[in-house]
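J.: Chain by chain, the residues run as shown.
Number of protein chains: 2
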Amino acid sequence: MPARRVAVLAPVAWRTPPRQYGAWETVASNITEGLVARGWDVTLFASRDSVTSACLHAVVDRGYEEDSAIDPKVAEYLHISEVFECAAEFDLIHSHCDFMALTYTRLVKTPVLTTIHGFSSPQIMPAYRKYGDGYFVSISDSDRAPGLNYLATVYNGIDLALYPFRESGGGDLIFLGRIHPDKGAHLAIEVALKSGAPLVIAGIIQDPIYFREQIEPHLDNVRIRYIGPVGVAGKNVLFARARAVLHLNTIPERFGLVLVEANAAGVPVIAMDLGSCREVIRQGETGFLVDGADDAVQALKRIGEIDRAACRRRVRQCFSIETMVEAYERVYATIFDREAGRCS
Amino acid sequence: MPARRVAVLAPVAWRTPPRQYGAWETVASNITEGLVARGWDVTLFASRDSVTSACLHAVVDRGYEEDSAIDPKVAEYLHISEVFECAAEFDLIHSHCDFMALTYTRLVKTPVLTTIHGFSSPQIMPAYRKYGDGYFVSISDSDRAPGLNYLATVYNGIDLALYPFRESGGGDLIFLGRIHPDKGAHLAIEVALKSGAPLVIAGIIQDPIYFREQIEPHLDNVRIRYIGPVGVAGKNVLFARARAVLHLNTIPERFGLVLVEANAAGVPVIAMDLGSCREVIRQGETGFLVDGADDAVQALKRIGEIDRAACRRRVRQCFSIETMVEAYERVYATIFDREAGRCS
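Which chain is which? The protein sequence lines are A and B, in order. The opening residue of the first sequence carries number 0 in numbering that gives the first Met the number 0; numbering runs sequentially from there. The opening residue of the second sequence carries number 0 in numbering that gives the first Met the number 0; numbering runs sequentially from there.
Rather than coming from a laboratory, the hints here were simulated on the basis of the structure. Misleading hints may appear alongside valid ones.
Any copy, or any two copies together, can satisfy a pair, since identical chains are not distinguished.
[To be verified] Straight-line distance between alpha carbons at most 27 Å, and here's what the computed DSSO-like set of lysine-lysine pairs gives:
1) Lys-72 / Lys-129
2) Lys-108 / Lys-129
3) Lys-108 / Lys-72
Let the hints inform the model, and build the full structure from the sequences given.
T.: Written out as structure tokens, the structure reads:
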């Protein structure tokens, strides 16, 4: 089914792919590169400093999170409307821009597929309800809202080449994620203190008060360290020294890209059994699903039971770019079929 | 030129018309009611609790500034896109929704007129530059950006019936506006202290630090009072006791609705000679244009020279709803002519 023209609409919070943090941009990039590799004619709508083998179409110079001179509201309105003004050039618009892009969809004839990377708050649900008859993909079975026209769940895929497999790890516990109560860095600290294992915390500080009150007091630069946000290279350094990644999220996880990245490198994951974690991590096979810090301490004792090669195998099978893009190709085919049915 | 169908797109920060503060919604309401009075078929897109004699079309229950359960971003995207989804029902969309609405204009055939109520920051200019070939109205000659396709300046008009004329005033100085350095409440205090006249300050506190540091220390509930925001009734109470309204803005004024309201009631205005103030206030006739607090103190001594009836006459002539709507009718006619030319 080549020669179809697809526009991938990435967010413009960060560059695509992001230098460090930016899960939505990462996935938009992986889809774009995967589609190009499989012969699709793809135009990526993203910030002008983005890096892609697709055609890049940009109206915003840099991610608004990376340049305080850019007004996020202006950037989003200009960026999102741009793809819709070009809609006639494409057979499909694949949006990663949340409810904002939905509000343009009824003004163009080109079908729009929205990958919902997460519902940021109940306040955005009126927008999804209004446009619920659009085309949607969820990134996990658990992260679905009722009443939306879902065509499939497509798990996020990563480039396995970026995360080389290591037969053995080290002794560190690793926390990788936004420093925010939702992601549970404080629970990772609790596990580290109770188990006596050293912990390295990496990620952007999204909630400075939480960081100051619940994280910073424990940092001693030896047993518990905070190293700021890290990119791919930094993650690999952490994975090389890792005994396990701790992902003790306190709210339902939507997907959990870092779980897959860790598994790709052969690192087992101890994850809270909330949201999508049980779709990503197989209990006793690629890590452990737990119900709290004490449970995680117990799981840590059994971490040697995890076959590191099995972790990587599962990522290759279920969470690779190729697997993801093949799944999206099936979704696209469904949309093209339905649209053809509409016209006839 | 009746039977043309016009959609007026008001903002949804506040109800239309607003209960108290909300200049953009006030003007959108005045235009709507004025058009209806002159026989136009008008649909007002505004919050659901709005009050209008036009047909009301609403998707947002209340102004997002009046209900913390409403996400401003969601409300704006849903509200603005709604009018464009209904575009085919209208001969003209008259937008008061800034650059956000511009981003939908190229996706519909219906012409869109944007009244620019002010450029909130240099960061929004990229949006105006992109859509500069649209149809624009400025609210004063001074508040124009280069390169935009302006069809006219149309001064804001008020309903004179709301502000009854009073032959004589009282002894108070009045400050009416947002409590923000831009609006110069601190300069009004300086004038009050230097002239010995009592000052009443009314308006929403938009900059709490400014209020705490530069306004609050002077409040003594006798000579200098702050009474919070006021609606039309509250303004009339203030005007009845007013010797003059002090409008010592520190950045160029875009229009200055309160100057006109004060003049309508017969109250002279002492205004900073910045931006549109010299278009609204006639030097020595409806008030005084000054270059600072000391100049304002001098002007206050001459305030008795102002003919209060002349103030009202000028508002009736230049800043009434009727005058404004007639001017907009001429702008609409220009647009209809140009659009007809495009089709042929």
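J.: Which of the listed hints are broken here?
T.: none
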